[in-house]
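> Sequence:
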Amino acid sequence: MGELSAQLGNKLAGQLIRSEDWNSLVAAVENIKVTLNEHIVGAETQFEAVNNHIQDLKTEVNDLKEEFNAFRESLEPLLREYYRVTMETTKVNYAIGELAEITARITDLQGNPLDLTNVAQRPWIDFVVAWGQLKPVAGFESRGGVGDRTIAVQTNLQGIARVRLRSEHAEGFTDEAEDEVATFLTTKLVENSKSIVDIVLEAATPRDEKVKVAFRTLTAEYDRPDAINVRNYMDIYYRKDPTIVTGKIMPTFRSRWRDYRSTVMAFAKRDSDPRTPDQSRGISSIQITFRDWIFPWITLDYMEETASLVKNISDRFAPKVTKNFSESVTFIKSEVNDIVRDKGLIGKQRDYKVINAALDQLNVPQPPEFLNKLTKSIKNAVNIQQTLEIGQTTAFGAPGREVAFEVFTDTTVQADNNVAAVKSELIVLQQKMSEVEGTFGNINNKVSNLESNINNKVSKLESSVGSLGGRLDVTLAEGGEFQRIRADLSTVSRQVEILQGLDPSIVKTKLIEIDGLSNRLAKLEGGR
Numbered sequence: 043m044g045e046l047s048a049q050l051g052n053k054l055a056g057q058l059i060r061s062e063d064w065n066s067l068v069a070a071v072e073n074i075k076v077t078l079n080e081h082i083v084g085a086e087t088q089f090e091a092v093n094n095h096i097q098d099l100k101t102e103v104n105d106l107k108e109e110f111n112a113f114r115e116s117l118e119p120l121l122r123e124y125y126r127v128t129m130e131t132t133k134v135n136y137a138i139g140e141l142a143e144i145t146a147r148i149t150d151l152q153g154n155p156l157d158l159t160n161v162a163q164r165p166w167i168d169f170v171v172a173w174g175q176l177k178p179v180a181g182f183e184s185r186g187g188v189g190d191r192t193i194a195v196q197t198n199l200q201g202i203a204r205v206r207l208r209s210e211h212a213e214g215f216t217d218e219a220e221d222e223v224a225t226f227l228t229t230k231l232v233e234n235s236k237s238i239v240d241i242v243l244e245a246a247t248p249r250d251e252k253v254k255v256a257f258r259t260l261t262a263e264y265d266r267p268d269a270i271n272v273r274n275y276m277d278i279y280y281r282k283d284p285t286i287v288t289g290k291i292m293p294t295f296r297s298r299w300r301d302y303r304s305t306v307m308a309f310a311k312r313d314s315d316p317r318t319p320d321q322s323r324g325i326s327s328i329q330i331t332f333r334d335w336i337f338p339w340i341t342l343d344y345m346e347e348t349a350s351l352v353k354n355i356s357d358r359f360a361p362k363v364t365k366n367f368s369e370s371v372t373f374i375k376s377e378v379n380d381i382v383r384d385k386g387l388i389g390k391q392r393d394y395k396v397i398n399a400a401l402d403q404l405n406v407p408q409p410p411e412f413l414n415k416l417t418k419s420i421k422n423a424v425n426i427q428q429t430l431e432i433g434q435t436t437a438f439g440a441p442g443r444e445v446a447f448e449v450f451t452d453t454t455v456q457a458d459n460n461v462a463a464v465k466s467e468l469i470v471l472q473q474k475m476s477e478v479e480g481t482f483g484n485i486n487n488k489v490s491n492l493e494s495n496i497n498n499k500v501s502k503l504e505s506s507v508g509s510l511g512g513r514l515d516v517t518l519a520e521g522g523e524f525q526r527i528r529a530d531l532s533t534v535s536r537q538v539e540i541l542q543g544l545d546p547s548i549v550k551t552k553l554i555e556i557d558g559l560s561n562r563l564a565k566l567e568g569g570r
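Here the numbering used here is used: the first residue of the sequence shown is 43, the next is one more, and so on.
Read the hints as simulated data drawn from the structure, not as lab findings.
Hints may be right or wrong, so weigh each one.
Stated by the list, open to error - Straight-line C-alpha distance at most 35 Å; calculated DSBU-like pairs for lysine-lysine:
1. K230 x K395
2. K133 x K75
3. K395 x K415
4. K133 x K100
5. K230 x K311
6. K395 x K311
7. K252 x K133
8. K133 x K254
9. K395 x K254
10. K177 x K385
11. K133 x K282
12. K236 x K385
13. K421 x K282
14. K362 x K385
15. K230 x K252
16. K353 x K311
17. K252 x K236
18. K353 x K395
19. K353 x K421
20. K365 x K395
These numbers were taken from a predicted model, which means no experiment stands behind them.
Work out the full structure: start from the sequences and follow the hints.
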């Protein structure tokens, strides 16, 4: 209780209030009145200040309201010029060969549908992608860009625009061919009643057992003669970048999937006229993943599971080896051409690899001496054709056959024939040189005989000098000794002329030619 209550309160029934207590009560009440009046005056002063401030705020609020209304009036037309753009697709992950259909929808900024009854005023959406190609969807007016990385599509009455996205390497493929590939990928396997696409997308790694079953189905389809579109689709993948498969430049992905993530962006605009100065009126984007199954199929199945093929081709080659080198080359060349005929690019690369392995395992019951030379020559020709195959498929006007293989094997046969011809020429030349050596021997014998005869004649002449005077007439007479010497000297002169007729430089040249032919023969024999 307070001080006043303590002093004046606590009275019992029948007790009277003393005068001093009453006076104290009155004084206390008066003080309360004074204090209350002071507080009231202060409150009124503060209220007046607050009221003035409220009036100021009210004025400011009214001003702001007017400004806001003016801003809203200027902003609302601008907001109506912009759209909310959303994008969606049926699924996020696709396999290479599938087509992802992307739907873009435009509304106002609050998500309300737009009035698009006027076809000429319907907005357009520019689709842009960094990886892959965009294709139009039937029923929508569209305009494609270079490389199919951009496409403009006009929205329909519902504000919807659709495009289809395919993987990067399928540029140039027709819609019918793509549809055939996509349809084949939906083939359900007997072993597990799942489609190839589902198996590829669900498997953790490309080495999964279910994936191996799917790969065998892909191999059978690729090798099927009528599956032209499927085969061409896989060949185009390989031709785009064969280094991914060989792994000689880029590391190979053999134990995990390679996924390509593509970002598709959409830009809404009022029209598609490039002459109209118009900015983007709405933006959206979406990411889609394509799983690469072609690469692991090539490296883990098609190029690896070849043991039975190697044995089969080796057995085909064995009876083609005869005792004649040129004939053997011709037979095996014909067999190689039959093996790779009408095959796709990947199929030829695999068969060339198998042919090389088959030649290494070639088992001939009675192998000829030239067997190693034969297999080496065929392998060299196959390797050259294998290297040039990709360039041949892209060269304009290039023939559709194995040109490098044909040329190299023909060169091998020609070289072997040239060796035989050189051998024949060398034998003939050696025979001619033997005749020349015999002629030189006869000439040398004749010269020796002439020298001996001359010496004998000279000796006789010297012994006869003493009796020359008496016998001079006899000597000079017809048929005498002098006449016989003259005849012998004439014979010697003729023999010497014959010897001089043999030009030493010509003989030397012939000997050099013999050495040259011998060297050529040695090189040709060493190249076998």
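> K353 and K311 were given as a pair; does the straight-line alpha-carbon distance stay at or below 35 Å?
violated, 64 Å
> Hey, K362 versus K385, does the alpha-carbon distance stay inside 35 Å?
Between K362 and K385 the Cα gap is close to 22 Å, so the pair holds against 35 Å.
> Starting from K230, check that the Cα of K311 is at most 35 Å away, please.
Judged against 35 Å, a Cα distance of about 43 Å means the pair is violated.
> Within a Cα-Cα threshold of 35 Å, do K353 and K395 meet the stated pairing?
Distance of about 13 Å is within 35 Å: holds.
> Against the 35 Å threshold, does the CA-CA distance of K395 and K311 hold or violate the hint?
violated, 55 Å
> Taken at face value, is the distance from the CA of K252 to the CA of K230 at most 35 Å?
holds, 12 Å
> Is K353 close enough to K421, meaning Cα to Cα at most 35 Å?
It holds: about 16 Å lies between the C-alpha atoms, which stays within 35 Å.
> Assess, step by step, whether the Cα of K395 is no farther than 35 Å from the Cα of K415, and give holds or violated.
With a Cα-Cα distance of about 19 Å, the restraint between K395 and K415 holds, given a limit of 35 Å.
> Hey, K133 versus K100, does the alpha-carbon distance stay inside 35 Å?
The given pair, whose Cα atoms are some 56 Å apart, is violated under the 35 Å limit.
> Run the distance test for K236 versus K385: straight-line Cα separation, threshold 35 Å.
holds, 29 Å
> Straight-line Cα separation of K133 and K254 no greater than 35 Å?
It holds: about 25 Å lies between the C-alpha atoms, which stays within 35 Å.
> With the threshold set at 35 Å, check whether the alpha-carbon distance from K133 to K75 stays at or below it.
violated, 83 Å
Consistency note: the structure conflicts with the earlier hints numbered 2, 4, 5, 6 and 16.
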